[in-house]
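First to last, the protein sequences are chains C and D. Residue numbers for the first sequence follow our numbering, so the first one is 1 and each next one is one higher. Residue numbers for the second sequence follow our numbering, so the first one is 1 and each next one is one higher.
Derived from the structure by calculation, the hints contain no laboratory data. All residues carry an ideal CB built from backbone N, CA and C; glycine is no exception. Mixed in with the good hints, there may be bad ones.
Taking lysine to any residue and the SDA-like style, the derived pairs with C-alpha atoms no more than 20 Å apart in a straight line are [as the list claims (entries may be wrong)]:
hint	chain 1	residue 1	chain 2	residue 2
1	C	Lys16	D	Glu73
2	C	Lys142	D	Pro186
3	D	Lys331	C	Gly278
4	C	Lys194	C	Thr168
Which chain D residues stay away from chain C? Per the calculated CB distances, all over 10 Å, these [unchecked claim]:
hint	residue
5	His126
6	His154
7	Tyr215
8	Glu247
9	Phe326
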Amino acid sequence: MTDQAYNFAYLDEQTKRMIRRAILKGLAIPGYQVPFASREMPMPYGWGTGGVQVSAAVLTPEDTFKVIDQGADDTTNAVSIRTFFQRTAGVATTTSTSDATVIQTRHRIPEEALSEGQILVYQVPIPEPLRFLEPRESETRKMHSLEEYGLMHVKLYEDISRHGHIATSYAYPVKVEGRYVMDPSPIPKFDNPKLGDMAAIQLFGAGREQRIYALPPYTQVVSLDFEDHPFEASKADHPCGMCGATDSYLDELIIDDAGGRMFVCSDTDYCEARQAAGHKGKDAA
Amino acid sequence: MYVAVKGGERAIENAHAWLAEERRGNTDIAELSIAQIREQLSLAVNRVMAEGSLYDPDLAALAIKQARGDLIEAIFLIRAYRTTLPRFGASEPVDTAIMACDRRISATFKDLPGGQVLGPTFDYTHRLLDFKLAADGEVPRAPSRDTEAGNVAHVTEFLNREGLIEEAPHDDTPPPDLTREPLEMPADRALRLQALTRADEGFTLGLAYSTQRGYGRNHAFVGELRIGSVPVEMDIPELGFSVEIGEVTLTECETVNQFTGSKTEPPQFTRCYGLVFGQTERKAISMALVDRALRWEELGEDNVGAPAQDAEFVLYHADNIQATGFLEHIKLPHYVDFQSELELVRKLRREAGAQQVQAAAE
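Isolated chain C (complex conformation):
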């Protein structure tokens, strides 16, 4: 049932048009952060207002919408955002990755490969990959326009000299089509290889920071690294306790007072589909 007091997908058409223009600009300049006049949404900044505005701008009544947070469809905020669009847009919703036409996500890329025609919308807290090296927006915008990314390489180098590894495990910076350094949002670096050459459109919305950026389908995305310290996607070295998958990103759960651990797929749809197909992990009932 839709809420008739509001326009389709909550935002008024003029605002949606403004957001679509920013999205189109973002798609035309992959990895470039497009400023947009983010609106105050009825959920707090930090809860995915950027993603919600992007979803509102791209949703059509025929779409099927899926929302995940930490890979799961049933985390509270995923439930809340899904309910929001059920109420305000009346769109069909699903938990199945392949059935969805628009997927809004926080912190994960689904395990199942996406296909052409799908849109993946990321919620982004801090869109600026250089922010923690240079707090000033006026400076970082200059650095991007001059393609001055030395500072980032120095940071990664210092990590290696101090720890032997690049000490960034999520929100791992990438370079898009050899031009813009981009923050992929706080996805684990395990997900980074999926960013490049993806068949689906990837849209990134940062509400509080008023930025939208995008990756059109089949864009080249390279995780920053060094020849002698190549990028490595990592995950917990276990199979999923429920479905036995060895190729999925895992959550670690503490299951008893003695601190016993269990590892289980963070992507709930992927895990459930595998279990339904008869796969069984060592902890499954």
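The hints should help you fit chain D onto chain C, whose structure is shown.
Chain D only, in chain C's frame:
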């Protein structure tokens, strides 16, 4: 045995039901009405209107009730509501020189045309808890007199006649609007003032206070503080003239700042300005001091590196809705990023441990 967490939807619904019950409190106690909040908690209502950027006392009172008295939450409700409102147009600039002042004081002149009017102020109350209010709140009527006819001139006008204060030339450039355009740096003064008038009162107060204590000191005198109502007029194209559509209460603070001159400007007094919805004088004075600190560049002053001089720092952190959202979001699930950090720290510790063992063996 692990069971995947389901039922987030029901948990949310139940949490909301519990919240509503807590908001209402003990049902043996009469429920607060919107009118009671509007009339008796009017300074809270004023703050919510000012920082919510929406002048509507009834809606602000409703938001305060719904937010259980949490004013930032109430401001958030108002902000979220105002985004859904259609914008019919812009009013004519309000003229504070024709304000019907409830309060008007100057700290720079003992007496001046229009006089000093204290108005309903806490300033000289002794802060002693009034236990009579706990019993019954009946108050005797305050004495009154008719207002004097005529406009009350701004104090700075008198200084201007002598050329002692910087000119504030008339400017009809439409001001930028950060609710319609993304905030980008450098921000001109009009945009800075818009950001400051809706900025968090506490943050603005803290910054203003820091300038008084030496972090970008600018020695402000309150030239004038006035509170009262002004008419709002709107130009109606079909009529060809502007029509009064209502009144708003505003607090305006103009400070006069000592200035010994710079490479580009002669010695003179400079101005700084605060204008806020409602009776909100702490905020208006704070706003004026921060405005002055942010003007260092156009006045050719030195940047001493004070926080209040840093427009990016001030404007990007002054909005309490943005700040509270981002701050509080860290309580949302972060299993995935935390897991990747766990793996990294374990790996680094393993290697550090191996190195120590090796060093010990050598």
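Quick rundown of the hints versus the structure:
Straight-line distance between C-alpha atoms of lysine 16 of chain C and glutamate 73 of chain D comes to about 26 Å, which puts the hinted pair past the 20 Å bound. For the hint pairing lysine 142 of chain C with proline 186 of chain D, the CA-to-CA distance comes to about 13 Å; that is within 20 Å, so the pair holds. The suggested pairing of lysine 331 of chain D with glycine 278 of chain C is violated, with an alpha-carbon distance near 36 Å, which exceeds 20 Å. Distance check on the hinted pair: lysine 194 of chain C and threonine 168 of chain C sit about 17 Å apart at the alpha-carbon level, within 20 Å; holds.
Histidine 126 of chain D, annotated as away from the interface, keeps every beta carbon of chain C farther than 10 Å; the closest lies near 40 Å. No Cβ of chain C approaches the Cβ of histidine 154 of chain D within 10 Å, the least distance being about 34 Å, so the stated non-interface status holds. For tyrosine 215 of chain D, the shortest C-beta to C-beta distance to chain C comes to about 18 Å, beyond the 10 Å cut-off, and the non-interface label holds. With a least beta-carbon separation of about 26 Å from chain C, glutamate 247 of chain D lies farther than 10 Å from that chain, consistent with its non-interface assignment.
Not every CB of chain C lies more than 10 Å from the CB of phenylalanine 326 of chain D, the least distance being 5 Å, so the non-interface label is violated.
The earlier numbered hints that this structure contradicts are 1, 3 and 9.
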